[in-house]
Amino acid sequence: MNDSIIEITNVTKSFGGVVANRNVSLSVPRGRITGLIGPNGSGKTTLFNSIVGYHPIDSGSIRFEGQEISQLRVQEIARLGLLRTFQTTRIYGKMSCLQNMQISIPHRKAGFFDMFAYERPDVVERAEHLLSFVGLYEKRFLRAGSLSFGQQKLLEFAMALMNEPTVLLLDEPTAGINPTLINGLIDRLKRANAEFGITMLIIEHNMRVIMNMASKIYCLAHGEMLAAGAPEEIQGNQNVVDAYLGVH
Amino acid sequence: MTRTSLHPVTIGLLLLVGVAAPLLFPAYTNQIAVLWLMIVFASTWDILGGQMGYNSLGNIFFFGAGMYTCAVVQIGLYYDVGMYTSGARTTHIAFTTAQYFTGFAIGTVAAGIVAAVLAVATSWIVFGLRGPYFAIGTLGVAVAGAELVASWQWVGAASGISMPVFPGGPQTQKLFFYFLLFALAFVVLLFLRWLYSTNFGMAINAIRDDEEKAEAMGLYTRRYKRTAWTIAAFFLGIAGAIFGNMTGFIDARDIAFPTTTFNIFMILMVLLGGKGTFWGPVVGAVIFHVIKEVTWTYFLGWQFVALGLLIVIIVVYFQQGIVGWLMEKYPDRFGVRVAPKEREVRSRAIELAPHAEGAE
Amino acid sequence: MEQVLGNLSVLVGMPIFNLGLLIDGLLVGSIFALAAYGLALVWGVMNVKNLAQGDFIMIGGYITWTLGRYGIDPLLGVPVAAVVLWGVGWILYRTVISKVITRDLFTSLLATFGIAIVIQQGLNLAFGPDTQSATSDLPTLSFADGLITIASTRIVGFAFAIMLAVGVILFMRKGRMGQAIRATAQDARAARVLGIDTEKVYSFTFCLNAAICGAAGALVAVVWNVQPFMGTTYSIRLFVIVTAAGFGNLPGVIAAGFGMGVFEQFGGFILGAEYQQALIVLLLLAVLAVRQLQQLRVRQAVQ
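Protein chains in written order, with numbering that gives the first Met the number 0: chain Z, 0 to 247; chain P, 0 to 359; chain D, 0 to 302.
Just so you know, the hints here were simulated from the structure itself, not pulled from any lab data. Bear in mind the structure is a predicted one, so any value in this text is a computation, not a measurement. For every residue, glycine included, the Cβ atom is placed at its ideal position computed from N, Cα and C. Do not rely on the hints blindly, as some may be mistaken.
As the list claims (entries may be wrong) - DSS-like mimics (lysine-lysine), calculated; alpha carbons at most 27 Å apart, straight line: (1) P:Lys328 to D:Lys98; (2) D:Lys199 to D:Lys173; (3) Z:Lys189 to Z:Lys215; (4) Z:Lys189 to Z:Lys138; (5) D:Lys98 to D:Lys199; (6) Z:Lys138 to P:Lys328.
To be verified - With the Cβ distance kept under 8 Å, some of the chain P side facing chain D (calculated, not the full set): (7) Tyr132; (8) Ser150; (9) Gly247; (10) Leu308.
Unchecked claim - Partial selection, computed: residues in chain D whose CB lies under 7 Å from chain P: (11) Leu108; (12) Ala110; (13) Phe238; (14) Gln276.
Extracted from the complex, chain Z is given alone in its bound form (with noise of 0.2 Å):
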């Protein structure tokens, strides 16, 4: 496990008295596609805030490409090149998709007067691109906000692409897409992945989705690491068919 682009070791988060991630340890491979799962309530999403800063954790540490960044925020984590995604997706409502995503364009080198800068011909160009690689040429000049659901998250991700990360972050990409769409999205995420080198680490419910994509998948229970390894290690893991069966 020499090549981990995110290594996660011992991290505990509680509020209040309720803890919700305990001594979690998890290292993303650099290049891959890494699974989280676990049932509702398992930490999952806590586990994700916490590593793009959302809110500080209590104790352990969070390195990404060897750097600590468990006392970044969330700003400076996303200029890294560590991007996420959200459960309930999150767009730029009155503005157009185009304008969605000129705005989401990498940061990270962005100086004072780039703020003024004039519209890019070489960006818009990359922007419509991507627009087409999720299908949503058509509705670029639409408003971001009137789109249906499962558009609206396909935006988001092509925006996410936009901005250039090193890794990806998604929380719950397939949740609330139309199920004939869904596999057209694993399309797109794997060539993703693929052709622009993109690290993923992803939180997904749907077991066929996940197993589909992931080369290792880590399942978390209760706030704790339950299992790790190949999709049909966990596949075949008792301890997770229990978990998400509730036997306990």
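With chain Z held as given, fit chains P and D onto it using these hints.
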């Protein structure tokens, strides 16, 4: 490309109206001058309130700060400020024409700069705050400014400052200040049109729509917010410097930092015209100012009660404003006006997208 | 500056003065705590930040003052002001608040700001801009050879404030309506599902808050004075108190109310009365700044 400046015809019309107004209605020169000031107020308030979704109740702070800065510079260049403002003056005070204009020019520039610096300084206090806390925090900044200046002996405390007298006849004076305020409003409109066409406009729109998302995407949100606040402050500071000299007498609570008049007018005009639209604030300012000037004297002391009621009514029943309402009602009309070419459509989208929050 | 140092040396040199200021501060603070409780109630239950809170207090004060001019003891003004303000609150709720309650927060803030302006200007037209005070015939008590003087109106006011606060807290704990209010504050939708008429709860909460302000205002008129434009200062004070304590933390709100009273007495004594307003506003900014620093540690913004 998005349009980076106003249409030449619009610019021409603006200039025409600006120049013709005092010639056509010489009796109302001062009122029209204040109208340009109101447009500056509304348009600069809309940078934060409309385009960025940060509703400030304290923009007037920079107007007052600019006014006092200019006064202090104008006086301080030639006299001792403490002596000038004290009731018991010992020296005869007079400014030559050269002294007046030198002081005024330097003072105005200083006013803009000081207001901008104060904006950067206060941004550390107010921009960790969101929503209602931001509104209350900025109101706090404005009231604090008023109270501190009102109890500061050196700048005349509660008795204010009589500004240097304009060296020229009353007619020249009127026109001089009229054209200054008109020029300021004109520059503000051109500048904002350019500003909204750059990345900046998109970024502050993104902050308005979902700041948390913008943060999660790595946008330097603080930097945008601080810059927006500073830009508004800079123009308000200059406006304060000009207006202070125009009225000839300044005082902290009623003229420089009037939290319940000018400060509220700004918000009211923007809400009336349409938050987050380019022309909304201008339309709102014109309508509000004309109605106010026409009806004000008929209220016989009840003006401010009426003002308060107007706020409540607009806020409760008509929040998207005139331009916002038109866009909601006839989105196609706004579309038809622009050629259906792709590039043009995009620029229309920029104007269409921003809407009063809660409008949906 | 010398004056400030002089005042400070008085405090250091004569510790008994401190005691006097402290007692005065606590007595006055009880009124702040009462009104702040009302603000926190509306804030927490309805998510409306009432910028007209201080002006409600002023209405209550003027009612008491008017009664006093007709020879009615101002302390009787407390119940009268509470009842009248209940009515005012009801009218405002029906006409304005009920329409903005579901909208974004700035809408309700601005609407209440508009109400505040109407009240201020209305009071100004009705009573003029002068500072007024309702006088009671109660004597002023002196202790420690006249170094500590306490107007007994303040003690009576304190007693009233405590009684009212205890009454309201008991009502919120035990009363049927109080329980419904707390349920609505926790989760309005769940409360609606369980058959609580949240509309009625909101209306009641707003009226209750107005009545509390009325009573507090009556006490303010007795122990202090009223002036049409003083309402804003009270609103800011109450916001400082509630923001410092957090609106969900009612014991904290009451403690902060007392703290505010003491702070103002000392601040006013040391710096001089003319800086009192500035002092309150600066305290607001300081509290907001501190809250931000706290939030920074948990990587969040104050919202």
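Checked hints:
| no. | hint | verdict |
| --- | --- | --- |
| 1 | P:Lys328 to D:Lys98 | 22 Å, holds |
| 2 | D:Lys199 to D:Lys173 | 18 Å, holds |
| 3 | Z:Lys189 to Z:Lys215 | 14 Å, holds |
| 4 | Z:Lys189 to Z:Lys138 | 23 Å, holds |
| 5 | D:Lys98 to D:Lys199 | 14 Å, holds |
| 6 | Z:Lys138 to P:Lys328 | 22 Å, holds |
| 7 | Tyr132 | 5 Å, holds |
| 8 | Ser150 | 5 Å, holds |
| 9 | Gly247 | 24 Å, violated |
| 10 | Leu308 | 6 Å, holds |
| 11 | Leu108 | 5 Å, holds |
| 12 | Ala110 | 5 Å, holds |
| 13 | Phe238 | 6 Å, holds |
| 14 | Gln276 | 5 Å, holds |
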